[in-house]
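So the sequence lines, in the order shown, correspond to chains A, B, C, D, E, F, G and H. The opening position of the first sequence corresponds to residue 2 in our numbering, with each subsequent residue numbered one higher. The opening position of the second sequence corresponds to residue 2 in our numbering, with each subsequent residue numbered one higher. The opening position of the third sequence corresponds to residue 20 in our numbering, with each subsequent residue numbered one higher. The opening position of the fourth sequence corresponds to residue 20 in our numbering, with each subsequent residue numbered one higher. The opening position of the fifth sequence corresponds to residue 1321 in our numbering, with each subsequent residue numbered one higher. The opening position of the sixth sequence corresponds to residue 1321 in our numbering, with each subsequent residue numbered one higher. The opening position of the seventh sequence corresponds to residue 3 in our numbering, with each subsequent residue numbered one higher. The opening position of the eighth sequence corresponds to residue 3 in our numbering, with each subsequent residue numbered one higher.
Just so you know, these hints were derived from the structure itself, not from any lab. Check the hints yourself; a few may be wrong.
Only pairs whose alpha carbons sit at most 20 Å apart, straight line, appear in this in silico SDA-like list of lysine to any residue [said to hold, decoys possible]:
#1 K28(D) x T1326(F)
#2 K1357(E) x E97(B)
#3 K5(H) x E60(A)
#4 K26(D) x T1326(F)
#5 K205(D) x C1373(F)
#6 K5(G) x S30(B)
#7 K1357(F) x E34(D)
#8 K88(B) x R343(G)
#9 K5(H) x N34(A)
#10 K89(B) x E272(G)
#11 K103(A) x Y113(A)
#12 K276(H) x E60(A)
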Amino acid sequence: MAYNEILISGFGGQGVMAIGLTLAEAGMSEGMNVSWLPSYGPEMRGGTANCGVVIADSEIISPIVLEPSELIAMNLPSLDKFEPHVKKGGTIFVNESIIQRKVQRGDVRAIYVPSMEIASGIGNMRVANMAMLGAFIKATQLLKYDTIIAMLTQLFTGSKAHLVGLNEEALERGAACVD
Amino acid sequence: MAYNEILISGFGGQGVMAIGLTLAEAGMSEGMNVSWLPSYGPEMRGGTANCGVVIADSEIISPIVLEPSELIAMNLPSLDKFEPHVKKGGTIFVNESIIQRKVQRGDVRAIYVPSMEIASGIGNMRVANMAMLGAFIKATQLLKYDTIIAMLTQLFTGSKAHLVGLNEEALERGAACVD
Amino acid sequence: MAIVYEKSKALTDAEMHYCPGCTHGIIHKLVAETLVDLDVLGKSIGVAPVGCAVFAYDYFNCDMHEAAHGRAPAVATGIKHVLPDRTVFTYQGDGDLAAIGTAEIVHAAMRGEKITTIFVNNAVYGMTGGQMAPTTLVGQKTTTAPFGRSFEHYGAPIRMAELLATIDGAAYIERVTVTTPAHIAKAKRAIKKAFQIQDEGLGFTMVEVLSTCPTNWGMTPVEALSWLNETMIPAFPLSVFRDITKKEK
Amino acid sequence: MAIVYEKSKALTDAEMHYCPGCTHGIIHKLVAETLVDLDVLGKSIGVAPVGCAVFAYDYFNCDMHEAAHGRAPAVATGIKHVLPDRTVFTYQGDGDLAAIGTAEIVHAAMRGEKITTIFVNNAVYGMTGGQMAPTTLVGQKTTTAPFGRSFEHYGAPIRMAELLATIDGAAYIERVTVTTPAHIAKAKRAIKKAFQIQDEGLGFTMVEVLSTCPTNWGMTPVEALSWLNETMIPAFPLSVFRDITKKEK
Amino acid sequence: MAGNVTFRQDRCKGCGLCVHVCPVKIIFLDETVTNRKGYHPATIVEMDRCIACANCARMCPDSIITVERL
Amino acid sequence: MAGNVTFRQDRCKGCGLCVHVCPVKIIFLDETVTNRKGYHPATIVEMDRCIACANCARMCPDSIITVERL
Amino acid sequence: MAKELWKGNEAVAEAAIRAGCRCYFGYPITPQSEIPEYMALHMADTGGVFLQSESEIAAINMVYGASGAGARVMTSSSSPGISLKQEGISYMCGAELPAVIVNVMRGGPGLGTIQPAQGDYFQATRGGGNGDYRLIVLAPATIQEVVDLMQEAFDLADQYRIPVMMLLDGMIGQMMEPVEWTHTPASDLPGKTWATTGTEGKRPPNIINSLFIDPDACNRHNQHLEEKYKKIIENEIKYSINDLVDAEILFVAYGTPSRLARAAARLLGEEGIKAGVFRPISVWPYPYDALREAASQDSVQAVVTVEMSTGQMVDDVRIGVNGVKPVSFIGQAGGVIPSPREVADAAKKALGR
Amino acid sequence: MAKELWKGNEAVAEAAIRAGCRCYFGYPITPQSEIPEYMALHMADTGGVFLQSESEIAAINMVYGASGAGARVMTSSSSPGISLKQEGISYMCGAELPAVIVNVMRGGPGLGTIQPAQGDYFQATRGGGNGDYRLIVLAPATIQEVVDLMQEAFDLADQYRIPVMMLLDGMIGQMMEPVEWTHTPASDLPGKTWATTGTEGKRPPNIINSLFIDPDACNRHNQHLEEKYKKIIENEIKYSINDLVDAEILFVAYGTPSRLARAAARLLGEEGIKAGVFRPISVWPYPYDALREAASQDSVQAVVTVEMSTGQMVDDVRIGVNGVKPVSFIGQAGGVIPSPREVADAAKKALGR
Ligand SMILES: Cc1ncc(C[n+]2csc(CCOP(=O)(O)OP(=O)(O)O)c2C)c(N)n1
Ligand SMILES: Cc1ncc(C[n+]2csc(CCOP(=O)(O)OP(=O)(O)O)c2C)c(N)n1
Ligand code: SF4
Ligand code: SF4
Ligand code: SF4
Ligand code: SF4
Ligand code: SF4
Ligand code: SF4
Ligand SMILES: [Mg+2]
Ligand SMILES: [Mg+2]
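The shape of chain A in the complex, shown without the other chains (with noise of 0.2 Å):
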């Protein structure tokens, strides 16, 4: 019985609500319940925002996510007002090319993704939340490779169809980091 509750969080900008979305479609088109709540902070402009994805396959009780079960965490200041929240087992994704410190939790999986050096290798910086996207795939099992893929093939058609192959290489090289 899957009932994932996934935290995003980062600088605006960095697509932390985008990679939400992803997953939450993702998990409805697997025919699974989903839901998607952002959160901008204080600041209007920039500053740091989070969303919070629930995906279970029974009914979804609270679209809050205060204990993640997951967290991907985009930067240290996200890293740092998280990571004692994560449940007991759970796994904190960490955007190492921003980030310097490792996870001080001993009772949680802590995976490194250089999201930043994936996607310049790749040659397109907004590709780097795709990264993080990979390896959450990878580490958490809990959708489809193909789904993401899918979705990406409706998303981007004609001249942006190109695009899906940039995407589809930094979720593998993402899904890499995850050992």
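Go by the hints and put chains B, C, D, E, F, G and H with the ligands onto chain A.
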């Protein structure tokens, strides 16, 4: 023990509110408890208006006069409307100058005052309401005649001093209608 | 025997509650006659204000909507957008239009709402008993300006026709009065033109009518006419302030 | 070594939250410098709006009062009547002043309130994410006018300086911008003059400043300056619309 | 060019505006009559002098005057 | 008439308005630096060309530029 | 001191001036226009400010500004006008500014009628505006009480930095009763060091504000307000009880209807039925405990709420009585005054007689 | 039909259009501006009207006019903006006009914060405006429910000639959940023969009005409204109950907090404490009887109200429970969301554990 609930009702412009105020002021200056509550009809200009005055030597409970012990009816609609509500044994003062009919109830005292004839006799139509007041004071013995005179003397000074006499005369002629 | 003048079919048989000699009644007649003349009575919806004209819904023989104080232009906007082929007018006093309803009239004009506003300016709050209005003249005494409106404290009366004429969406703005038969005839032409421009869909139209309030001015009806002519008109000049049909020619 | 320019003492050390290149920041500076130049900082009370400048109370180094959306002129009126010897100013956006707050600004002007209003016109609702403002240009796209503002539906942008200049209580009304150092210098002079006239007690004063919103216009800050110069100024001509000190001479 | 003028006297408020605008000054308020509203209503005796200009009717705020041309 | 210009770089938002108005075009956004706010701050290398006109400082919305005349 | 006959509305205005109010902003509306009219005539004598605003919204925001600047300030209106002030009242509560707001209630909803009513109880006691906030709401029943509470209203406002509403039914505004003016010595109130009066370069800027963009800060602010409200509940509850001894019926009513209830009690007494009257004077904070205690008295068989509305305070009566006795309601709305006779009948019905 | 992921605010707008709403008037305010933005983009496709007004006051009065003219019309705003609409809402209730009003609540009082909250419960259920009136107030807890209730909201409005408020906490406005669009067949609703559409000379004029200057007429009108409200209370109460069997604790919550309460119940379950959740869906009419019945169940030892406020609905809970069980409250205000953990702790405290 006095507990008089007086209703004065008529057209706007007939001095209905002034009668009530005079009664209340006089009651107060004789050391009694008083209240004065105006009620204007739904028509915003003209139309019928009334005021309720309570004069009592005990605490005034409600200022709203629904079952008057005394009714001063300045016009026919007022008599029609309030005659049925007068307390048994109460008194109705009828402005017979413009009310053609008689009081129908047998359980109340009726006093008829030709207020406008009195006023025109005195040569000032504005003292018609004083004639009604004179009848009221004579009939109820609730207030002292002198109190009213003293008030009038205070009110009309200088160039208006001559009005005291006119008003006094109206009071007297009204009182004369009470047998 | 030909009838020269009789009560307009666009007025109901209800007796009006206005004070004797109050020119609100004359302005009602002119609006009513216009609705008949232009044959739009059956497709008209009027919006009554809060002010002495609050009961206008009982007097006009067409569909009527009673608005909150000052909001008649917003109500009319709602109606007109639902029923764009209908003739929609508001009838508002100076407290209603030039005080609490300032934003609503300015923005109806800005949007160029295809409505006609009859603005009855009597320099006072009539209904509530003669308080100061934004249009009260400097020095004029009212119950809330018992020593007369002071320029230092309240500025000079606001001239809404002039103010609204700065707005592009306004198609027609004129100020008239009804103190003489000649003025009445002119006021009628202005009102008719405003409704015509509305029906042509050219934009917002307003006729400001200087009106008397004998009761709160403390004058006889006839004195009030003179006071209006002599004292109010200099402060509120009669003129066409905007007419986009002129420009087009 | 002489200091040619440094941050005004009338600004706090708080970092401003405005988007990069937003000219709200420039306008803040001009107001602050004026308060210092006229030596009125210690007797000034500013009124912040609801809009992107909502946090202005954190930036000005004087007493500040945060008003409800559109009501800054009423709040300033309250303050000034209690403290007539103080310098009171409002700082308002175009949504705040020209939409919801229309009645309040018109009547502050009518009463000739001795306050100074800095009116920041950026042709859009910045804070709430780029919705249409009453000052949005015809054809300009916004989140609530996704196909561009249509004249037929919304009329043309409202010109508040021109509108308020019809009011006798207004002592000084000018429209400026801050897109170049020269414009900034001129804007500064206008603001200074407005505060001076306030302190002389001559009436209501307002400086409308055309300002950029790179974020919601979807432009870089430098592009936004050009767009303002080329597209906004023709719709909102820069000029002095009222100056009663001129008449007096 | 004579006219005939009728008043709904029960509705007259005695405001005198019609009196004021009649060019031939034939309208007066009849002090001998008090209508149901308490006013002295407008009336005309010398009807033959009426020129049917309808000034009175156009001016009457209560729309109680009808003017015919004979 | 040379000037000295200092920037509080940690507060710079990299908007480029100062760059835009400098008459001698000596200001540029330093892409090699990312400040704590995530922006590339404005900077000057050829300070000796500065004419101390203070255009940059007057234009900076964030009031982070100080200009001195040497 | 000698008694003088005063009209409610004018007594409100005079009492405010005597209480040190030096600033009035308002917009005319029946049945309270005598308040601004009185202020227009008399405020100038005191060197104070009277300003007729362009609307009720402007008025409350002028009050907001004037209060922030440290003035004793008030506004008044009647029902629809009070509706328009709700945003402003919410702001004042958020920014913790003192002021006195008078509502002379008329019949509603909407334009309703200009006759007296009590249909704005919910709005006054529950906050017609947005967010969690409270006003102190005082509901006098005689003109003398109006006058006495007015001074207290201004003092409470300053003491707690909170707007205080005087909730009058239109009847109290229009009626006249004798008033004895007593001189209350000035209370010992905290100085307004928070006011925006200009720093004079001598202190850091003061800021009047209701914005707390960070939710934690906003929550803390709300908890701070809650604490204040608790203190007010502890200290400022006011009520009166008449004829509770052996009462079978307990009437609950505020304002004028409390006097109708007493008249009804007299009628019932004539029939041998004892009835007491519980009258909340502060309707917020509401005297829940005192009411429950009174209702708990053994003799009481039924609690009957009397209002000039279709039933609003009855919610508070239910909360207070909390099921210890049956609660019923009798009232008329839209300007109609329930008669003592029908109130008495409702009581008999509640007793099953 | 396939599920689609929808954001609450956009779902509100789309559901309104699908429910036949052809007229929208509103003014931007966070966190609901996506509603007017969606309407701006899509209303034109339906031939409908989208108009951004100059203020919330203008918006509600445009709604007043449009509804009078017979349109299915709505407006939306958030807390301070809703405060400004109170006079207009009171007028619409007085004039008996249908409309849907959406309030996506943020933290207050005053400007407060843009984060989600539930501080406008009193305003919505008690009438923030003047006079005796009620709105139907619906409070969904999921986006699917938002969508489903939207159609019902418009139908109820037309059926009873009453404004219906959709009371959403900001969270529901911002979050996304799957939605299944079902086609509800048009209800059998009375024709709008009262609308002001022009007489065409074929019928007597229609008048839309809330003024009843004669107090007897005004009272009659109020009694007529009361009758209507009673009918709504009889027929339109909606609520849901979860896990009542053997529950020791009964949580009461509406909107998002009901989901927090269910999460808390799950935590309590892990500790062997059974907890049920009572969720009013119509917060007016309030399910008093159903709540009392649930609370009366023997197993229930305490009733705990959960709100994103400092305690507003708890008044209704007290009225409903009427003393049969102790009632307590747990909540946070100003945009802070109470955690299931603290909700569970509050329940344990209520149980004395
Ligand atoms: C919100 C609100 N505020 C105030 C009032 C009270 N009020 C009724 S009419 C009126 C002013 C009337 O003046 P005006 O608009 O000039 O119309 P007039 O009576 O002079 O024709 C006022 C203030 C009200 N009904 N509603
Ligand atoms: C009563 C109310 N309505 C709406 C809002 C939402 N709101 C906040 S700022 C704003 C408009 C801001 O635009 P503008 O005044 O032009 O200032 P800018 O941000 O462009 O500088 C709006 C509509 C609010 N806070 N309160
Ligand atoms: S109060 Fe004035 S405006 Fe109103 S009806 Fe009387 S005269 Fe006319
Ligand atoms: S949104 Fe626009 S106006 Fe607001 S701070 Fe950003 S650029 Fe400036
Ligand atoms: S129609 Fe002309 S002449 Fe005849 S009575 Fe009337 S005003 Fe006089
Ligand atoms: S104008 Fe009309 S109401 Fe006035 S006196 Fe003449 S007939 Fe009578
Ligand atoms: S002071 Fe003038 S020259 Fe020097 S850097 Fe600034 S803008 Fe350039
Ligand atoms: S103008 Fe100021 S904020 Fe902008 S780039 Fe230059 S120094 Fe930085
Ligand atoms: Mg007027
Ligand atoms: Mg703007």
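Status of each hint after checking the structure:
1. Straight-line distance between C-alpha atoms of K28(D) and T1326(F) comes to about 17 Å, which keeps the hinted pair within the 20 Å bound.
2. With a CA separation close to 19 Å, the supplied pair K1357(E) and E97(B) stays within the 20 Å bound.
3. Taking the CA atoms of K5(H) and E60(A), the gap is near 15 Å; set against the 20 Å cutoff, the hint holds.
4. Only pairs whose Cα atoms come within 20 Å are accepted, and K26(D) paired with T1326(F) is accepted, the gap being roughly 12 Å.
5. Proximity of K205(D) to C1373(F) is assessed by CA-CA distance (about 16 Å); at most 20 Å being required, the pair is judged to hold.
6. For a cut-off of 20 Å, the pair hint linking K5(G) to S30(B) stands: about 9 Å separates their Cα positions.
7. Between K1357(F) and E34(D) the CA atoms are separated by roughly 11 Å; this keeps the pair inside 20 Å, and the hint holds.
8. For the suggested pair K88(B) and R343(G), the alpha carbons sit about 13 Å apart, so the restraint of at most 20 Å is met.
9. A hinted pair counts as satisfied when its Cα atoms are at most 20 Å apart, and K5(H) with N34(A) qualifies at roughly 10 Å.
10. Taken as a hint, the K89(B) and E272(G) pair is honoured in the structure, with Cα atoms around 16 Å apart against an allowance of 20 Å.
11. Between K103(A) and Y113(A) the alpha-carbon distance is near 9 Å, which keeps this suggested pair within the 20 Å criterion.
12. Distance hint between K276(H) and E60(A) is fulfilled; the C-alpha atoms sit about 19 Å from each other, no more than 20 Å.
Comparing the model with each earlier hint shows no violations; every hint is respected.
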